[in-house]
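Going down the list, the protein sequences come from chains A and B. Numbering follows my numbering, with no gaps: position 47 of the first sequence is 47. Numbering follows my numbering, with no gaps: position 149 of the second sequence is 149.
Rather than coming from a laboratory, the hints here were simulated on the basis of the structure. Keep in mind that a hint or two might mislead.
[Stated by the list, open to error] Quick list of simulated restraints, FRET-style, between CB atoms:
{"no.": "1", "chain 1": "B", "residue 1": "D186", "chain 2": "A", "residue 2": "K282", "range": "56 to 64 angstroms"}
{"no.": "2", "chain 1": "B", "residue 1": "D34", "chain 2": "A", "residue 2": "S330", "range": "42 to 50 angstroms"}
{"no.": "3", "chain 1": "B", "residue 1": "K78", "chain 2": "A", "residue 2": "S188", "range": "35 to 43 angstroms"}
{"no.": "4", "chain 1": "B", "residue 1": "N18", "chain 2": "A", "residue 2": "V120", "range": "17 to 25 angstroms"}
{"no.": "5", "chain 1": "A", "residue 1": "Q244", "chain 2": "B", "residue 2": "D186", "range": "31 to 39 angstroms"}
{"no.": "6", "chain 1": "B", "residue 1": "K331", "chain 2": "A", "residue 2": "P97", "range": "38 to 46 angstroms"}
{"no.": "7", "chain 1": "B", "residue 1": "E10", "chain 2": "A", "residue 2": "K104", "range": "43 to 51 angstroms"}
{"no.": "8", "chain 1": "B", "residue 1": "G320", "chain 2": "A", "residue 2": "V120", "range": "41 to 49 angstroms"}
{"no.": "9", "chain 1": "A", "residue 1": "D121", "chain 2": "B", "residue 2": "A21", "range": "53 to 61 angstroms"}
{"no.": "10", "chain 1": "A", "residue 1": "P97", "chain 2": "B", "residue 2": "K245", "range": "49 to 57 angstroms"}
[As the list claims (entries may be wrong)] Heads up, simulated BS3-like pairs for lysine-lysine below, C-alpha to C-alpha not over 25 angstroms straight-line:
{"no.": "11", "chain 1": "A", "residue 1": "K198", "chain 2": "B", "residue 2": "K327"}
{"no.": "12", "chain 1": "A", "residue 1": "K273", "chain 2": "B", "residue 2": "K331"}
{"no.": "13", "chain 1": "B", "residue 1": "K245", "chain 2": "A", "residue 2": "K331"}
{"no.": "14", "chain 1": "B", "residue 1": "K140", "chain 2": "A", "residue 2": "K198"}
{"no.": "15", "chain 1": "A", "residue 1": "K267", "chain 2": "B", "residue 2": "K331"}
{"no.": "16", "chain 1": "B", "residue 1": "K245", "chain 2": "A", "residue 2": "K267"}
The beta-carbon is built from N, C-alpha and C at its ideal position, and this holds for glycine as well.
Number of protein chains: 2
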Amino acid sequence: MYKEAMEAPEVVARQIENNRAIMQTLGREFQANDPYSLVTVARGSSDHAAQYLNYLAGLLLGKLSTSLSLSLITIYQKAINVERSLAVAISQSGESPDLIEPMKSFKEKAHSSVALVNAVDSPLARVVKWVVPLQAGEEKSVAATKSFIASLTASASLIASMGKLRELQNGLLELPENMKKAQDLDWSKAISKFSKAKRIMVVGRGLGLPLALEAALKFKETCSIQAEAFSSAEIKHGPQTLIQKGYPLLIFANRGPGLADLLVFAKEMRARKAQVVLVAPKEVREKDLIFPETDHPELDVICAIQAFYLMVEELSQELGHNPDRPKNLSKVTRTK
Amino acid sequence: MYKEAMEAPEVVARQIENNRAIMQTLGREFQANDPYSLVTVARGSSDHAAQYLNYLAGLLLGKLSTSLSLSLITIYQKAINVERSLAVAISQSGESPDLIEPMKSFKEKAHSSVALVNAVDSPLARVVKWVVPLQAGEEKSVAATKSFIASLTASASLIASMGKLRELQNGLLELPENMKKAQDLDWSKAISKFSKAKRIMVVGRGLGLPLALEAALKFKETCSIQAEAFSSAEIKHGPQTLIQKGYPLLIFANRGPGLADLLVFAKEMRARKAQVVLVAPKEVREKDLIFPETDHPELDVICAIQAFYLMVEELSQELGHNPDRPKNLSKVTRTK
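Same shape as in the complex, but just chain A (with noise of 0.2 angstroms):
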């Protein structure tokens, strides 16, 4: 996992170069025939990395897109319509049937169909009519990095794309070097800081959403740590009455208009004393860790994660497990 998620910047950047030719020929065909919305299709670590998607085509394109519920088609055998929606699917290996039924059913149906996968000889590559290779090279840990970050610029490429926005396809240039910037952030007060906890609660808004459950999934796979993700709205509307003294809280403030509610969010965290971990822009006074910067503060997050599985590896050592390879679970997993 460390091995693997270290080479993450060298695949993006391999990613970005050899990407060039299709993310221009999807630009012509996305600018020239427009879909009215998305519907992602993915499951785990890639459908966080879809939800990163979505928000990014409500936030530049201005467009609402759709994490689909595979089962209306993988178990109900549902028609569902599509024709107006650019379909997009995610996913390391490509072989899971519950993505590539509804792909199937969209092919001739939807807008347009994309994977963007790392099997480009995958079964779900041959039923889209668009394949972007993520570029991530074998991956052998269960526990993605590598692939899950090839995702998110993947994403990032697209929707740069679709909407001729040169700034983010600058930024997603200079990404390798922020990248290598933030693995040698220090994070291991989060190390000392989650050694003993049993359940914790990562929080984000934004792009930071599909951070937060991001890592609530490595904590579970890789030091069995029961974390769940939710946004700073979504965890006043109930969840936050398990908050007491003491109660572990991961929260990423990345900068942008949401930034100040999150501090507000983790002061009155700290007033209940939650040992609270706070993630934020180098300028905050009372941030624990650095959230990295990058280029285009859309991308932050890429970085954010980097730093994420470095510092959730070394706990999962120190707690005794074996990162790469969690209970239970296989590299390829196989649902409907």
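Position chain B against the provided structure of chain A, taking the given hints into account.
Then chain B, alone, in the frame of chain A:
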């Protein structure tokens, strides 16, 4: 909470009777002028009702339905293209700014807009084209019960009207009687099995997922148990690594084409010696609790949450909590 939950059958009967005219109007409106997709705007329990609506829209109308990330509008002030979508807000109080602001911006721009709301003179009701009263009467308990059930039935009524689904409409007419039968089910086995639980995973599939989400939230709010909900497919992509000997699991296995998979999952978890409480149709030999049935399979989950509420209220009391007043929560939560 107990008293309000017991009022739910009467609330549903009143809602169906009193909303007959508005539902006919909405039926005519949307049959004449069919939206391409739906977009829902809600928080907390109401967002679980929205997920029920989203799934029904796919299952019975073949339409995409998106749960909107509210921060796109409330924090980023982003204009989202909703011109081909019916916007549906769901709320008890109709007062949270993060519902009002998006619906206000959608009033002119969306295909149409509807609020399913209990407080019909609330700010939310004033910014939508159509108001569907939940008819739940005053709700005092912080943990929503009858208003949540009323949100589910209003969602089902809306879908039935849009699709001219006579059988679903008839099922709704019979629902209050079926709910009373569900109130008499003996779910006390769950109380003894969960009385020492600190964490629980709640599993559902399809229409059972909103049920699992709502049950998990109520375990948190009324019992301070960190319960998290998953679909039986999603749980295999990581979270199940936590499920070891003695781990408490509540599995909602509703009848229909998803049942077989849910029973296999329950069997696998029992083989792992997890503490499984299986809610399944009465014919299923290995069930622990009976999953109530109605005249229409899509309404079964409404009776199931009714039975769950009575069980969890008793569990809360047994654990020494006050189910009506969870710590750190208030009845009306205003977020943005």
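Worksheet item: If you check each hint against the structure, which ones fail?
Response: 4, 8, 10, 14, 16
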